[in-house]
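Chemist: Residue-level listing of the chains:
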Amino acid sequence: MAKLSVDGVDYEVADGRTILQALDDLGLLMNGVDVPHYCWHPKLSVDGSCRLCQVEVEGFPKLQIGCNTPIKDGMVVRTKSERVKKAREGVMELLLVNHPLDCPICDQAGECKLQDYAFEYGATHARTEEPRRALKKRVDLGPTITFDQERCILCRRCVRFCREVSETGELGVFNRGDHSVVETFPGTKVDNPYSMNIADICPVGALTTKDFRFKIRVWFLEEPPGICTGCANGCNVFLGVANNKVYRYVPRRNDAVNETWICDSGRMTYKQIGAADRLERAMLRSAQGTLEATAYGQAIDEAAARLRRLVQTKGPGVIAGVASAFASNEDLAIFRRFLAALGTDLAGVAIPTGEADDLLIKAEKAPNGEGARLLGFADAKGVADRIRGGRVEGLVVLGHDLLGPGYFGSEQELAKLDTVIVLDTHRSELERVSHVLLPVRHAAEKHATYTNHAGRVQRSWPVIEPSFEAYADGEVLSRLGAALGLAGFDGKFEVGEVSRGLGKLASAFRGIDLESVGEQGLPVAMKAG
Amino acid sequence: MGLKVPFVTSYLTEHFGDDDFTKLEGYRKRGGWEAARKALTTMTPDEVTETVKASGLQGRGGAGFPAGLKWSFMPKGGDKPRYIACNADESEPGSFKDRILLERGAHQMLEGILIGAWAMQAEKTFIYCRGEYAGPGASIRRALEECYAAGILGANCLGTGFCHDVVLMLGAGAYICGEETGLLESLEGKKGQPRKKPPFPAQHGAFGMPTTVNNVETFSHVRHILNHGPEWFKGFGTDKSPGTTIFGVSGHVARPGLFELPLGTRLDEIIFEHAGGVANGRKLKGVIPGGMSMPILPAGQIDVQMANEFLRERKTMLGTGGIIVMDETTCMVRASCVITYFFRDESCGQCTQCREGTGWLHKIITRIERGAGSMEDIDILADIAGKMEGATICAFADAAAWPVQGMLRHFREDFELHVKHGKCPFPESFEL
Amino acid sequence: MVISEETRAKIEAEIAKYPQRRGGLLPALHLVQKEKGWISLETAQELAGIFGIKPVDVMEVVSFYSMFYDRPQGRHHVHVCTNLPCSLRGSRDLLRGLEAHLGVEAGETTLDGRITLGHEECLGACGYSPMMRVDETYHEDLDLASAREIVDGLK
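Protein chains in written order, with our numbering: chain W, 1 to 529; chain C, 530 to 961; chain H, 962 to 1116.
One chain only, chain W, in its complex shape (with noise of 0.2 Å):
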């Protein structure tokens, strides 16, 4: 450990740490020492560039950089004499010399730090008269980015990304002095499947998402936080919610999880929360054979009646359960309790698969595979047996990743089923042999927990409420159980008693619920060692 004062106050760092890092680890980097930077990343090597991290250190003449100075035991810095305000200033006029005017139409208004930092610590007026390069504009840099040549500051964050993180290398910073351009080798394009983590890096406007461009102004965003729900990492994010609509994901940073990164394809997944396919109504099979939409209590009516009835005929061990890994960790607690209490051990999870890499895709495609295993239920794969051996009559499904090509690959043979109930998100070919339809809510709209690939149990917040009305599926299965008269179920859901109550179902929550895993997420108890 080291001794640091840094204007006038001590603390005691780590060894080996750069001024910035340290400040990164206590956790004061711009949020209660502010040291403005551009080129410097937690995540990505030190470049030296900007200049804009300078710090008095004393017993240097010079001003120091941030990101390059090592700590050494007794360390004094400085970081608002008027040296470094001045240096400061100095770096952002220059670099303001050739950026272009184009806040008025630029995706980085309200979250620029160009902006920002002149604001903060730049001249108040501009004094150069120079006509401003004239340089690329609305580049097509690839699927997912959009490159403005002109707004670049030359920081070279997404040149060191594309080296370091994705490995991919597509990018370069091509001739030099004040003629430098990031380019890519002509003919090639920014295409990798991390591509738009470069656009959060950058500072400035010069890289943006096709995605979000000219959607909405981030000043009318709030971003509370939240996780991913496209595969088991859980990468943490922050929703950009206006509108009651949820209009992106940007990465949060968990250095547990994903560091300060995303994928793409996972990143696009807030598109799923509004999107057109949303179960958003109640529906049954009438007597015609047609899906009709109802009220939802006369939904779960029926659902508990067909329930009711083939218990009463054929026993409850013709009833299977199959639940989802979108389902939080409260919700699959209670649909153990629902099963156990109906009377049947058929149950089991049906998770969706895919590719992996090296970096933070998991080959589970949905969040909480690691919790519904935890809870108790296996596989799936044992139900869909049962199910095509003709053993099951009576069908309660979470999410219809049942249909997935690990078990059934379509809903046909489905179709033979006395009673299948859906609880699910978004509608799908499971509707063409439901009997009844229940919509349930997205992570992002409700209190949840969920567990991901390494055991690290995460939560979401309700950030948005639906404009149709649906339930947490553990809600859902509350008031079913309390209509089907089972013990134990009153029809009331509090979703904070259920979460502290995991610890008694499986040993490995113990002490963990929705307060204590907080916004960093807690280690299930096996794995916290």
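Be aware that one or more of the hints could be misleading.
[Stated by the list, open to error] Each computed DMTMM-like pair below joins lysine to aspartate or glutamate, with the alpha-carbon atoms no more than 20 Å apart:
| hint | chain 1 | residue 1 | chain 2 | residue 2 |
| --- | --- | --- | --- | --- |
| 1 | C | 719 | W | 167 |
| 2 | W | 85 | C | 912 |
| 3 | C | 952 | C | 905 |
[Stated by the list, open to error] Here are a few chain W residues that face chain H, going by a calculated C-beta distance under 7 Å:
| hint | residue |
| --- | --- |
| 4 | 169 |
| 5 | 174 |
| 6 | 175 |
| 7 | 176 |
| 8 | 186 |
| 9 | 238 |
Since the hints were made in silico from the structure, they are not lab data.
Quick reminder that beta carbons are idealized off the backbone N, C-alpha and C, glycines included.
Once you have looked at the hints, place chains C and H on chain W.
Modeler: For chains C and H alone, coordinates are given in the frame of chain W:
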């Protein structure tokens, strides 16, 4: 190319007029390679380093860092190979001394390199020669061929068992590759963008290995120091700046060319006694003393000894001793256009202050030159130059700022006249 | 294949002199330019393959250095130094004279493909100015007449 040996010679260049001095046999006839033999057979590496240290030899590449001290920074032992990089990237405007040292004195330089290699226990030298120096490059190649054929370089140098290889690489037109770490980057096959320091080349140099970078002329002095001793060397020049250097005089003089003289020779003496004074009977206006990066001196301040300890008092420096003489017809604003264009073109582009500052300085001065500037612009120039100083990865930004500061310090009036008259008030000045 | 076997062999010989392959890149670019006159995108891709780097990395280097060209050049390069010491002794007038004589501006190539005229920064001949570099040869102490004679002699 005609024979362009220095008009005034000393120990470095006294034989440059003899063609056979450029060949191994002729070089050996005049005592060549004896110092290297002495070093490799009778002295320990440390003894060699101490000798060079004791001589007080300053690097001759422009920074003036003591050579012996630099050599002593190289780590000893360990299993990492040690390298030398010889900086033959001479690109400082006004400087053309390394060129003659390469064209006519390649063996002399190589001997200094071998001595340095022994002192630092280096296994390889990379000579980084600017790409435009095809002639000097050919001269180095010829000398290397001779040395390898004669067993002076390669395995078993001079029969001593010491091994040292020398590789020649040509640059490709980038002034910044004359900066120590820019050179190393270019050597590694990348853009010549200088590195952040620390680490310094002695810790992390060429290809990540400990490396010492020294200038062509610096190496050229070494054999003489070994042959005659540090005290002999200190007999030339001043207390703080011993030895000779080769001053290059250009511009409005009657006899432009090279002059090997002791450090500390007075600038006015060099111009008027050696270089023939100002040509065409004109009056002197200003002199850049050390290559274009160094601040200009007005005619009234050239009574100064050409050594850093004295030039610093006049707010300028020795640099590479490239003396650029300007007479009364010269418009200093036009001169500044040429100067700032150069720095704008050659900036590597990494650091904000350098990349944008060099461009902005050039744009403003160009605008002032054509008569569209204001008094405020002149103040802004000083401010920009101030913001570029002491704040970047390498000293290029300083080198770009200093000339502007020098011009404003001594020739602000030229700028003000452009502003007042809306055009250049020097009808006889060179045109852009 | 754009780069000849002969040049490839020379490139490998250069690479062998350096502890890392990439050290041979600048020598390789010089060799290729000697053969082809400039570095095309195809050439850059082949070089990328030889060095195990990406084509964009090759183009970064090509675009950084003044002596590497990313477009076709004239058979001869005629570069007049226009830096300060040379300007003081009339090199800019000389360049203008050559522009008029050849009918091109600095940076352009004559229509017959013979000469690319340009200006260059300090070439280390400050005491012998005005001067110009014609390919690998320096011509010093010029006046417009002698400069014209030299360029007229270029094929």
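Chemist: Hint by hint, note whether the structure agrees.
Modeler: Structure-based check of all given hints:
1. For a cut-off of 20 Å, the pair hint linking residue 719 of chain C to residue 167 of chain W stands: about 19 Å separates their Cα positions.
2. Distance restraint check for residue 85 of chain W and residue 912 of chain C: the Cα-Cα separation of roughly 15 Å lies within the 20 Å cut-off, and the hinted pair is therefore satisfied.
3. Annotation: proposed proximity of residue 952 of chain C to residue 905 of chain C holds, straight-line Cα distance about 17 Å (limit 20 Å).
4. Annotation: interface hint on residue 169 of chain W holds; nearest CB of chain H at approximately 5 Å, less than 7 Å.
5. With 7 Å as the threshold, the beta carbon of residue 174 of chain W comes within range of chain H, its nearest partner Cβ sitting at about 4 Å, so the hint holds.
6. A least Cβ separation of about 5 Å between residue 175 of chain W and chain H falls short of the 7 Å threshold, and the interface hint therefore holds.
7. Interface hint status for residue 176 of chain W: upheld, as the beta-carbon distance to the closest one in chain H is roughly 5 Å, under 7 Å.
8. Because the closest C-beta pair between residue 186 of chain W and chain H is about 6 Å apart, less than 7 Å, the hint holds.
9. Residue-level restraint check for residue 238 of chain W is violated (minimum Cβ-Cβ distance to chain H is 32 Å; threshold 7 Å).
In this structure, the one hint that does not hold is number 9.
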